[in-house]
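S.K.: Starting from the given sequences, assemble the full structure and let the hints guide the process.
Chain by chain, the residues run as shown.
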Amino acid sequence: MNSAPDFSLERALPTPFHARTQAFNLEGRWSSWNGYLAAEQYFDAELEYFKVRNACGIYDISPMQKYHVSGRDAEAMLNRMVTRDVTKMRVGRVSYVLWCTGAGRLIDDGTIFRLAEDAFMLTCGSPSTAWLKKSAIGFDDLVIKDKSDDLAALSFQGPTSCAALRCMGLDGIEEVRPFEIRRFELGALRFMASRTGFTGDLGYELWVSAEDALALWDALYAAGEDFGIHPFGEVATNMLRLEAGFIMPGAEFNEALKTIRFEHDQTPFELGLDSMVDFKKPHFNGRTALLAESKRGPRVSLTKLDIEGNKPAAGSFIYNSKACRRDVGYVTSGIWSPVVKANIAFAMIESKHISGELWAHINYEKELRHYSKIARCQIKQSPFYAPQHAKLTPPADF
Amino acid sequence: MSFDAIVIGAGHNGLVCAAYLAKHGQRVLVVESQDRCGGLASQHEFHDGYRCANAQHVSHFPERISKDLNLVKHGFDGAYADIPLTWLNPDADGAHIALVDGHLSGVDAGEQAAYQQYRHLLRRIASMLAPFWLKTVPPIGNNHLSEMMSFAHLGLKMRALGKDDMREFLRIVALPIRDLLDEYFDHPGLKAMLSWDALIGSRQAPRSPNNSLLALLYRMADRSLTSARADSLICALEASARASGVEIRLSKRVERVTIEPRSECLCATGVELADGEHIEAVRVVSSADPKTTLLQLVGGDQLEIEFAGRINRIRDRGLVSKLHLALRTAPTFAGLEAPRGRFILAPMMDSIEWAFDDAKYGRIPQVPVLEVTLPSLADQSLAPAGGQVLSANVLYTPYAQADNWDDMTRQLLLARCLNVLEHYAPGLRDLVIGTELLTPVDLEVRYGVSGGHWHHGDIALDQLIMMRPTYGAAQYRTPISGLFLCGAGSHPGGDLTGIPGHNAAKEILR
Ligand SMILES: Cc1cc2nc3c(=O)[nH]c(=O)nc-3n(C[C@H](O)[C@H](O)[C@H](O)COP(=O)(O)OP(=O)(O)OC[C@H]3O[C@@H](n4cnc5c(N)ncnc54)[C@H](O)[C@@H]3O)c2cc1C
Numbered sequence: 001m002n003s004a005p006d007f008s009l010e011r012a013l014p015t016p017f018h019a020r021t022q023a024f025n026l027e028g029r030w031s032s033w034n035g036y037l038a039a040e041q042y043f044d045a046e047l048e049y050f051k052v053r054n055a056c057g058i059y060d061i062s063p064m065q066k067y068h069v070s071g072r073d074a075e076a077m078l079n080r081m082v083t084r085d086v087t088k089m090r091v092g093r094v095s096y097v098l099w100c101t102g103a104g105r106l107i108d109d110g111t112i113f114r115l116a117e118d119a120f121m122l123t124c125g126s127p128s129t130a131w132l133k134k135s136a137i138g139f140d141d142l143v144i145k146d147k148s149d150d151l152a153a154l155s156f157q158g159p160t161s162c163a164a165l166r167c168m169g170l171d172g173i174e175e176v177r178p179f180e181i182r183r184f185e186l187g188a189l190r191f192m193a194s195r196t197g198f199t200g201d202l203g204y205e206l207w208v209s210a211e212d213a214l215a216l217w218d219a220l221y222a223a224g225e226d227f228g229i230h231p232f233g234e235v236a237t238n239m240l241r242l243e244a245g246f247i248m249p250g251a252e253f254n255e256a257l258k259t260i261r262f263e264h265d266q267t268p269f270e271l272g273l274d275s276m277v278d279f280k281k282p283h284f285n286g287r288t289a290l291l292a293e294s295k296r297g298p299r300v301s302l303t304k305l306d307i308e309g310n311k312p313a314a315g316s317f318i319y320n321s322k323a324c325r326r327d328v329g330y331v332t333s334g335i336w337s338p339v340v341k342a343n344i345a346f347a348m349i350e351s352k353h354i355s356g357e358l359w360a361h362i363n364y365e366k367e368l369r370h371y372s373k374i375a376r377c378q379i380k381q382s383p384f385y386a387p388q389h390a391k392l393t394p395p396a397d398f
Numbered sequence: 001m002s003f004d005a006i007v008i009g010a011g012h013n014g015l016v017c018a019a020y021l022a023k024h025g026q027r028v029l030v031v032e033s034q035d036r037c038g039g040l041a042s043q044h045e046f047h048d049g050y051r052c053a054n055a056q057h058v059s060h061f062p063e064r065i066s067k068d069l070n071l072v073k074h075g076f077d078g079a080y081a082d083i084p085l086t087w088l089n090p091d092a093d094g095a096h097i098a099l100v101d102g103h104l105s106g107v108d109a110g111e112q113a114a115y116q117q118y119r120h121l122l123r124r125i126a127s128m129l130a131p132f133w134l135k136t137v138p139p140i141g142n143n144h145l146s147e148m149m150s151f152a153h154l155g156l157k158m159r160a161l162g163k164d165d166m167r168e169f170l171r172i173v174a175l176p177i178r179d180l181l182d183e184y185f186d187h188p189g190l191k192a193m194l195s196w197d198a199l200i201g202s203r204q205a206p207r208s209p210n211n212s213l214l215a216l217l218y219r220m221a222d223r224s225l226t227s228a229r230a231d232s233l234i235c236a237l238e239a240s241a242r243a244s245g246v247e248i249r250l251s252k253r254v255e256r257v258t259i260e261p262r263s264e265c266l267c268a269t270g271v272e273l274a275d276g277e278h279i280e281a282v283r284v285v286s287s288a289d290p291k292t293t294l295l296q297l298v299g300g301d302q303l304e305i306e307f308a309g310r311i312n313r314i315r316d317r318g319l320v321s322k323l324h325l326a327l328r329t330a331p332t333f334a335g336l337e338a339p340r341g342r343f344i345l346a347p348m349m350d351s352i353e354w355a356f357d358d359a360k361y362g363r364i365p366q367v368p369v370l371e372v373t374l375p376s377l378a379d380q381s382l383a384p385a386g387g388q389v390l391s392a393n394v395l396y397t398p399y400a401q402a403d404n405w406d407d408m409t410r411q412l413l414l415a416r417c418l419n420v421l422e423h424y425a426p427g428l429r430d431l432v433i434g435t436e437l438l439t440p441v442d443l444e445v446r447y448g449v450s451g452g453h454w455h456h457g458d459i460a461l462d463q464l465i466m467m468r469p470t471y472g473a474a475q476y477r478t479p480i481s482g483l484f485l486c487g488a489g490s491h492p493g494g495d496l497t498g499i500p501g502h503n504a505a506k507e508i509l510r
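The listed protein sequences correspond, in order, to chains A and B.
Each residue of the first sequence is one higher than the last, beginning at 1 in the working numbering.
Each residue of the second sequence is one higher than the last, beginning at 1 in the working numbering.
Hints may contain errors.
[Said to hold, decoys possible] Label pairs and their in silico Cβ distance ranges:
1. B:Ser481 to A:Phe179: 35 to 45 Å
2. B:Ala400 to A:Ser209: 36 to 46 Å
3. A:Phe179 to B:Cys265: 24 to 34 Å
4. B:Arg313 to A:Lys147: 26 to 36 Å
5. B:Arg416 to A:Ala12: 48 to 58 Å
6. A:Ala119 to B:Cys265: 29 to 39 Å
Simulated from the structure, these hints should not be mistaken for lab results.
These numbers come from a predicted model, not from an experiment.
Glycine included, each C-beta is placed from N, C-alpha and C at the ideal position.
M.R.: As structure tokens, this is what we get:
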């Protein structure tokens, strides 16, 4: 008798790299990202984190959504959709972009790769087919293809990443500047590399067809062995990106098309992404609303905080006095940062209180005993961690 | 040389709007792609010596617009009388039913009494709604005082209706028209006849829930004029517009609305014609349907994504085809002595429903149902001496055909229509010397109306009032500053009423 229900359609799928990554995932700590198995951590998130900060790490980003947008109207279509000026992008470049609703609420962020004059790749964290389809209305010469399942991708990050890639045989990788794309061929293996990432460190993202994914992994791993290569998962990623000052959907903002409650989403200005909104462009989605907001100023502001003590402040309320009478914001992400050696956080704070005192009311636990403390917060203007070596071209050799 | 306003399209709404603007001192240019005025109601020759207009009857044209624009002086023959409506009995020995100026004949006294009750109720409701049509309906939220007054006015009108009528209105407003007619009447033919005006033009059949009653009430508006000669209205409008100083350029197609960024928004600055000419104006007013205007003449890249999506979603796939026949002599409908007005060729409401069922699945009906007129009875000049024009609205013929509108499908539809006509007027087939069948696709191509839709978009609860054509463009303004809509796709809807044109002009002049 076999009455086990068939959950095949609900089951999270292995990514093209799963045959390799599963060997490292000692406790089977997988989460589901866009229907794919994604490693939360392999066996020690801190170790994975230190590998990236001190050597190099690989993160399987195959579950990212990847769309090819091509045709004569591709540039105009994307340019109307995102808040930055796509017409200024040169072929072979990558740009971090945001896109908003007509009301100026952030739908998602992602990257645009200009593959040719009339061909782009758009990547983002969650499925956007419906929005892209809608955004294509009124354009004639346009093809949008969802390549998410066909393209595998690895994020390869850390100070030794460039050296490892050179050792792998990627001639000229050291000349690739930040946000630049280059194509490579190693025997029969063809793939694209971009100098991009989500860690604030030196790093690359490698884009390869799903069939060739394992060949790429093996070549990379073989070359990386001497450079301290190690896979890393979501927990380490979250520490890395927070140190680098990158926002994350589901933490710093909710995707506008998925929020139910009024204004439980965010605008680019609230997230401090002013420089990503280009009002010199005559029209883009949300422009009118954003222009009005830019004049009145955002109601709340995402703020980087250095918090006294060492108790991570994730989830804490922020008050404008030590007496904690009036809450003026909340922490969206918070960790103890090993590299900065500080208790760092992102907090969403009512703009009019930013200039005053800020106090975090932190709850924490020690062996099932609960404690709370009130900790002074200091505002940081620049990213917590932005090492000089990440920006050099060519990067330092090892 | 620059204009205060360029009106795209010399359909009747474009002409009404242009005439009002010119009367208020604006320099107005109308640009029309066809070689004549009238849009969907323009006349054309479809067979040697035989002419006809697509839209035939003016059935509820506001007295106020006629007066404001001096249309009678310019030749409009509008009268305060209903166009006679006749249901033809498919049974050769059976009695026809005629409705002339509110009086029914051909049914028993019980039905007649029921009709009086039915008519009075609908009239009371229609007159409550009447002032609403000739007004801009404010958007929901953040209203100015004057806009709130519009709602208040309707509220007062509703109260004046009295509690019983109000309850009845709310009870019946979303009923399928079949349920309402079944409550009042027994005669299947009477019900088929009375359901017609609730249905024609939109995606509605007798059993379709919602919406159809509103179309019926719209068509019953008070203080309106009728004419069996749409042409007399179009000619009068053209003459009135020209007399007020409107310049009309025919055979010129607008390729796109030119748009420039100005400080905070995008502004319409004029139009570019298909021949490359560029004409500037302070504002552009389009009587082309909303989809054509916004997605083609403006373009998606100038609009917000959500708005373009809503425009794209407008249900504007027409279901009515037009059949024109050139007849050697007048046809004889069995048992009908003096044919006048409109004839309904649909034995019962189910016949209409069955025709709709075919259309739902993208097929032409097995047995089409028809609304027939003989326009040359009112205007002999439409046909050579002795000849007669027969014009029929054919229901339901889907825009998107399962088999495409290829020649075979057309021939089949034509043959089926002729079968129906032959049944009611034996011998008619032999009188036919020329035919023209205009499917929704033909109407789209010929008149530049997306979907070939009668109303430029279904009359349905979600596409009415402050939702017509969609929010963000329902007050005749669009998100592009200086670009206005004035055609049937705007409140309150299609038919030869001139109301969208009138309301748009009011809004522009505000
Ligand atoms: C088969 C059929 C029968 C009908 N019968 C009746 C009837 O008997 N009684 C009744 O009241 N109503 C009837 N109607 C409905 C009625 O005809 C329409 O609702 C009404 O004509 C709409 O008028 P309008 O001025 O808003 O638009 P239209 O009449 O569609 O006019 C729009 C004008 O814009 C022009 N145009 C479009 N694009 C461009 C461009 N790019 N450049 C320049 N010009 C452009 C078009 O050529 C057209 O002249 C019928 C409709 C159909 C389809």
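S.K.: State for each hint whether it applies.
M.R.: Structure-based check of all given hints:
1. B:Ser481 to A:Phe179: 35 to 45 Å: 37 Å, holds
2. B:Ala400 to A:Ser209: 36 to 46 Å: 38 Å, holds
3. A:Phe179 to B:Cys265: 24 to 34 Å: 32 Å, holds
4. B:Arg313 to A:Lys147: 26 to 36 Å: 27 Å, holds
5. B:Arg416 to A:Ala12: 48 to 58 Å: 55 Å, holds
6. A:Ala119 to B:Cys265: 29 to 39 Å: 32 Å, holds
Violated hints for the displayed structure: none, as all numbered hints are satisfied.
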